[in-house]
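Chemist: Chain by chain, the residues run as shown.
2 protein chains.
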Amino acid sequence: MTTPLAAKIARDYGTPAAVIDMDRVERNIARVQAACDAAGVANRPHIKTHKSPVLAKLQIAAGAKGITCQKLGEAEVMADAGIDDILISYNLVGDEKMARLGALQAKANMTVATDNSTVIAGLPKAALLSGRPLSVVVECDTGRKRAGVETPAEAVALAREIAACRDLRFAGFMLYPTEPGWTEAQRFFDEALAGVRAHGLEPGIVSTGGTPNLKNVGKLRGATEHRPGTYIYNDRMQVAAGVAGWDDCALNIYATVVSRAGPDRGILDAGSKTLTSDTSGLEGHGLILEHPEARIVRFAEEHGFLDLTRSNTRPDVGDVVRIVPNHVCVVVNMMDEVVMVRGDEIVGILPVAARGKLR
Amino acid sequence: MTTPLAAKIARDYGTPAAVIDMDRVERNIARVQAACDAAGVANRPHIKTHKSPVLAKLQIAAGAKGITCQKLGEAEVMADAGIDDILISYNLVGDEKMARLGALQAKANMTVATDNSTVIAGLPKAALLSGRPLSVVVECDTGRKRAGVETPAEAVALAREIAACRDLRFAGFMLYPTEPGWTEAQRFFDEALAGVRAHGLEPGIVSTGGTPNLKNVGKLRGATEHRPGTYIYNDRMQVAAGVAGWDDCALNIYATVVSRAGPDRGILDAGSKTLTSDTSGLEGHGLILEHPEARIVRFAEEHGFLDLTRSNTRPDVGDVVRIVPNHVCVVVNMMDEVVMVRGDEIVGILPVAARGKLR
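As you go down the protein sequences, you meet chains V and X in turn. Here the first sequence stands for residues 575 to 933, numbered as in our numbering. Here the second sequence stands for residues 575 to 933, numbered as in our numbering.
Please note that a few of the clues may not be correct.
[Unchecked claim] What follows is a list of derived Cβ distance ranges for each label pair: (1) X:Glu-724 - V:Arg-601: 41 to 47 Å; (2) X:Glu-753 - V:Val-921: 47 to 53 Å; (3) X:Thr-757 - V:Val-921: 34 to 40 Å; (4) V:Pro-837 - X:Arg-795: 42 to 48 Å; (5) X:Asp-890 - V:Asp-918: 39 to 45 Å; (6) V:Thr-887 - X:Pro-754: 34 to 40 Å; (7) X:Thr-757 - V:Pro-866: 39 to 45 Å; (8) V:Asp-658 - X:Lys-789: 55 to 61 Å; (9) X:Ala-613 - V:Thr-887: 45 to 51 Å.
[Claimed, not checked] Output of the computed footprint for chain V on chain X, the stretches with three or more beta carbons under 8 Å from beta carbons of chain V: (10) 667 to 680; (11) 908 to 922.
If you're looking for bench data, these hints aren't it; they were derived computationally from the structure. Glycine included, C-beta positions come from ideal geometry on N, C-alpha and C.
For reference, chain V alone in the conformation it holds in the complex (with noise of 0.2 Å):
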C-alpha cells in the first residue's frame, strides 16, 4: 500500500528521502513554546534536531527567547542567518575554536558552556578577539554522568574562577536534570546558587534540558529557561517518553521495498546510512506507519531488514512506506536536505544548513 503523497514523493524525489510535514512542525513549535510560557520558564530550542536557520527562526517568532547548538558549525550557520542570542552548551577547547568563537561573538551575543579550568583558561581568547566579554554558564552533573562537574563546591569554585576574569561574565548555570533525580538537582542547584550567592554572583541563566523532560518544564525551581531539541520533529523515542503522540512525529523516512526473497522478510531501501544504527534503547530501528507490526530488525548500509513474521499485510516490491524513526537528531544530521509537505501537497524542498559540520 502506497499513499498517494508517497508516490508524489517517490516519483518527484525518489527513495529514502525525509519528508517533514509543516503543519506538524509549526503545531510542534506552538505546543511547546506554550508549555514553557505556562510554566514560566523561557524557551531556547536545541537546534541539533533541525541544523536549519529557517526553522530556528519559526521557533523564536513563537516566543523562543534564543537557540542552544552544541558546536560551533552550528552556531555560525545560524548567526550569519542574523540569529543573535546562542547558547552553546559545550566544554570548547583549544585555540582554533577560541578563534572561531571570538569571529561569533563579535557579531551575536554567545554564551559557552564548561564544566573544568582548562576551558576557563582558554575562552578570554575568543572574548579577547571580539573585544567583549563572553558569557559562560557552568555546566553540572546532575544524574547523566555526562559532561558537568559532580559538586556543588565544584561549581561554584568555576563559576568564580569565570568571574575573577575580567573578559568573561558568569551567567548562570547549565543542569539536565532527569527522573529519577529531581530532588538530588535541586538540592545539587540550590546549593550552588547559595555558594554563589554568598560570594555576590547571581546565575542569570538556570538552563535545563531535553525534549523527554517537557513534562517537567518548570519543575526545578529558580530555572529560568529550558532548551528542548527533538520536540520539533519527534521520534519513537519521545513517543516512548510520553511526551508525543504518533501524529506529533513531523518527519518520516519514505522508503521503498526492493526485495521480498522470503515470505517472512524483504528489504527497505533505507539502511544505517539513512536511518543509524542509533536504537536508542528501543527495540527495533523505527516504526513504519503501513505495517506497525512489521519489525525493522538491522541494517545494511543502504538496506533495512524486514522481519514480517508477525504481519497480516506484507509489502509488495515497489511498495512505498512511512517510516517514524528512532531517534531522529542522528537522521537529520546525515542529510542535505529535507522534503516539506503540508498534509498531502509537497511545499518544497528544506536545507538542512547545519549539516556536515563536524565541528
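We have chain V; now place chain X onto it with these hints.
Modeler: Quick look at chain X alone, frame taken from chain V:
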C-alpha cells in the same frame, strides 16, 4: 599525550576531524590488487567506503577493472568524473530511478543487480532512455539473508527473464559467500551455472564481495571478480576479522578530550554524529591509539563517554587523541571532507564527493 601531527590537525582544522594517511591508502590499494591478481580474479572495489572519485581512480590505476556503487547518487558522481565501468549492486525500483539510470547508462557502462521480477520489469525503461541494452546480474543469497534469491532455480528463472527482454543483457551472478557456508555457496552457484547454461546463457560476471572475505578471494570456483570496499581504509572490524593490522588502518578520527568530570571518566568531542552508533558487534566504539585500555562506552550526539577505570595513563582536558572507528564506511558517510596526511605531514583536503546522496 598529543602527537605533533594531532596538534597540527587541531590547530589547522579543529576536532573532531577525519584524517587519512595516503601512504597507507596506497599500500592498502596495492596489497588488495595484488591479492586479486594472484587469485586470478578481477578487482571491482566498492566505493561506498570512500565516496571519492579521486580514490576510485587510484584503485583503477592500480589495476581495478571498474567499481561498485550501492546507489545512483554514488554512481552519478563517479560517472561524472569519467569512470565508465560501474556495477550498482542493488535492486533499483521506480521511474525516478530509471530516468537517472538511463542517463548514467548513456555515458558509462552500467551493470545493475536484481533479485526479483518487479525490478526486471522496470529496467527496460532505463535501457530505452539510454538507447542501448543494460547489463543485469542476478543477486543470489548465499547465507546473509540480505537481498538475493534463495534458490538456484529462482536465479535461473530471473536470468531467463532478463535474457528474454530485448533491452536487457544477462550479465551473470552476484553473490556474497561468507564463512561458514562456502560449500553451500559453491553448490548454489554450480547449480545456477548449470541451469543457465542449459538455456544457452553464460555468466560473464561472477562477483563475490567483502573485505573480510579477502582471505577467501578466488575460493569460489568460477568467480570472475571481487568487490571489496572497506580495505582502502580498514577499521577495527577488519582487524577483528583478521584481514588488517592496526598499521593498515588508514583513517583515524582525531578528537579532543573536553571533560574529565570524574577520575575514572572523560568526554571526547566525538559522539554518535561523528563515529555513529554502529558497533558492528564489537565492544565499545573504537580504539583510542594513545589509550588502548580506555573504553568508549557510549555516545551522546556530540559526546563520546570514556571509561578510564582500566587505564594506567589518563588523558587531560585538551589532549587530542586518535581513534580507529569500528566501522569506517558509516563514519565517512557523515562528513563532507577528510584531511589527507603522509606520515606527519598534512598534504591536503579530500572532499567526500558522493556523500549526502541519500539515493
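Chemist: Provide an ascending list of the numbers of those earlier hints which the structure does not satisfy.
Modeler: Violated: hints 3, 4 and 5.
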